[in-house]
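Novice: So the chains spell out like this:
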Amino acid sequence: MHNFTITELIDGLKNRVFSSTEITQHFLSRIKTLDPAFNSVITLTEDQAIEAARLADQQLAKGDSAPLCGIPVLHKDIFCTNGVRTSCGSKMLDNFVPPYDATVVENFKTSGAIMLGKTNMDEFAMGSSNETSFYGPVKNPWATNSVPGGSSGGSAAAIAARLAPGATATDTGGSIRQPAALCGITGLKPTYGRVSRWGMIAFASSLDQGGPMARTAEDCALLLNCMASYDQKDSTCVDRPVPNYSANLGDSVKGLRIGIPKEYFSEGLNAGTEKAVRESLAEYEKMGAELVEISLPNTGLSVPAYYVIAPAEASANLSRFDGVKYGHRCDNPKDLEDLYRRTRAEGFGDEVQRRILIGTYCLSAGYYDAYYGKAQQVRELIRQDFTQAFEKVDLIMGPTCPSPAFEFGSKGNDPVAMYLEDIYTISTNLAGLPGMSLPCGMVDNKPVGLQIIGNYFDEARMLNAAHQFQQVTDWHTQAPEGIES
Amino acid sequence: MSIEKQTIENLATLARLEIDDQRVEEISQRLGSVLELVDQLQAADTNNLTDNSHTPLATQRLREDKVTESNQRDAFQAIAPDTEDGLYLVPKVID
Chain V
0 MHNFTITELI DGLKNRVFSS TEITQHFLSR IKTLDPAFNS VITLTEDQAI
50 EAARLADQQL AKGDSAPLCG IPVLHKDIFC TNGVRTSCGS KMLDNFVPPY
100 DATVVENFKT SGAIMLGKTN MDEFAMGSSN ETSFYGPVKN PWATNSVPGG
150 SSGGSAAAIA ARLAPGATAT DTGGSIRQPA ALCGITGLKP TYGRVSRWGM
200 IAFASSLDQG GPMARTAEDC ALLLNCMASY DQKDSTCVDR PVPNYSANLG
250 DSVKGLRIGI PKEYFSEGLN AGTEKAVRES LAEYEKMGAE LVEISLPNTG
300 LSVPAYYVIA PAEASANLSR FDGVKYGHRC DNPKDLEDLY RRTRAEGFGD
350 EVQRRILIGT YCLSAGYYDA YYGKAQQVRE LIRQDFTQAF EKVDLIMGPT
400 CPSPAFEFGS KGNDPVAMYL EDIYTISTNL AGLPGMSLPC GMVDNKPVGL
450 QIIGNYFDEA RMLNAAHQFQ QVTDWHTQAP EGIES
Chain G
0 MSIEKQTIEN LATLARLEID DQRVEEISQR LGSVLELVDQ LQAADTNNLT
50 DNSHTPLATQ RLREDKVTES NQRDAFQAIA PDTEDGLYLV PKVID
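Heads up: the sequence lines are chains V and G, in that order. Numbering (numbering that gives the first Met the number 0) for the first sequence: 0 to 484. Numbering (numbering that gives the first Met the number 0) for the second sequence: 0 to 94.
There may be inaccurate statements among the hints.
Calculated lysine-lysine pairs in the PhoX-like style (CA-CA distance at most 20 Å, straight line) [to be verified]:
| hint | chain 1 | residue 1 | chain 2 | residue 2 |
| --- | --- | --- | --- | --- |
| 1 | V | LYS391 | V | LYS261 |
| 2 | V | LYS324 | G | LYS91 |
| 3 | V | LYS253 | V | LYS90 |
| 4 | V | LYS253 | V | LYS285 |
| 5 | V | LYS232 | V | LYS108 |
| 6 | V | LYS232 | G | LYS65 |
| 7 | V | LYS90 | V | LYS13 |
| 8 | V | LYS274 | V | LYS285 |
| 9 | G | LYS91 | V | LYS333 |
Just so you know, the hints here were simulated from the structure itself, not pulled from any lab data. Predicted model, so just to flag it, every value in this text is computed and none were measured.
Make the full structure from the sequences, and use the hints.
Specialist: This is the structure:
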């Protein structure tokens, strides 16, 4: 049952092959049995899930047509869930039980989906390995000595281990695409403004974007149909009709112009990863697409620009965690200043504190223009690179990350080594463009991701291209050893 | 590149973070290595460019000035570390 895609589960529910209660219990039982080895779920919401499944079965019996009625999903622990602890992977919010649902969570409820629980993540989504979580790292189901990627590593690992057919995730610099690539699943970061950020704990507000993860592009389309909405409560949400992302999946890619940025195939790219990506591009050529070499000359500046803008926004966003209204509070503060300083030193982990300090530095008097102002200008250069590229091509493709999943601790003590993991994904966040990753090969029995970058609000075309690739390849159907049965 | 102890202490004050003396050295080194990375920005030619803090399709909206949320003070205060009579309690600020 756990090998079915969401599309297949919906069919099975409609045709009464199984009930929502049966599939919900099946996935809950898998999480309880298998997840101790992966640590992908922080909070299991078993009772609520069983009750919601019972109600879904009643709706299904009545012929309810809510698109995801009875389908179990996991939510990244960055989305606020009414009455269910939302930790954001941090000690700071270990005791935080929100009194409201994020818009994304509400959209899933309206679509009839069942929440199984909340997934592990890098603390406040700051990381590319899941090693910064207060709840311990998530292990990659393909190789448990290796990272699942981050920050949405819990959601990605859970899907790879068949603990859930789909999950929510968020992406600030690659946090959907990189873990999707490392865990061999499909994930999509929509255009900035496509999915509401209301109730999604803020890291870097001008870059953060929620999106779906599943095993196939077809399933991601179903999830995005439900996640995407215009939301008055998020002032950066864009008021545009949400298309039916499933409608054009079957279209041919004949004549599609695919840009191949030469900067994405340069120094630092693993040879096996490059081979897998080039073979996938050849598949597109076979299907009638045209490959066009392009240049995104400012790619190299994306990581430095990101590590000014993201920490700067984070230092402002995370100032709200002060031990007064919710979350962690230190014991016996001697005065208000002591309350703030010790609460924050105890509640935040090392990487989060480091980014707050970097952000504070970049925004402080005398440094603002040299760092923040300059980074915003470089952001414009990066955006112009893409604008020029999209005059010539329909989509851009390349590797999602430089190499397959690395081993725990292997990036050592140098934060910069970890930051370079996101070299191919960060620029789309800076430009606000949509990007996705889909499985396209294996290196040493670890998955490789193909990245597809689209123009603004062109998610349907990206999903179509990904779906067509998944019609002629079977990378997305492969499961880690011991997981399938 | 390493950052002076005084700078780290100043940042810690601005960011309201308690930083023990034994952590200063490590933080200084790690921040230094990030700032070295970030300094690559200075080489970029950004003449004749404006800021780009928002995507081109984003627009600023206004909404009607009316109450849309109900009062949920009890729900919000139920999760607070310390409250009394509807107020959030913090250590004494004025002697």
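Novice: Hint by hint, say whether it matches the structure.
Specialist: Outcome of the hint check:
no. : hint                   : in the structure
1   : V:LYS391 with V:LYS261 : 15 Å, holds
2   : V:LYS324 with G:LYS91  : 16 Å, holds
3   : V:LYS253 with V:LYS90  : 51 Å, violated
4   : V:LYS253 with V:LYS285 : 9 Å, holds
5   : V:LYS232 with V:LYS108 : 18 Å, holds
6   : V:LYS232 with G:LYS65  : 14 Å, holds
7   : V:LYS90 with V:LYS13   : 42 Å, violated
8   : V:LYS274 with V:LYS285 : 16 Å, holds
9   : G:LYS91 with V:LYS333  : 9 Å, holds
Figure legend: structure checked against the earlier numbered hints; hints not met, in rising order: 3 and 7.
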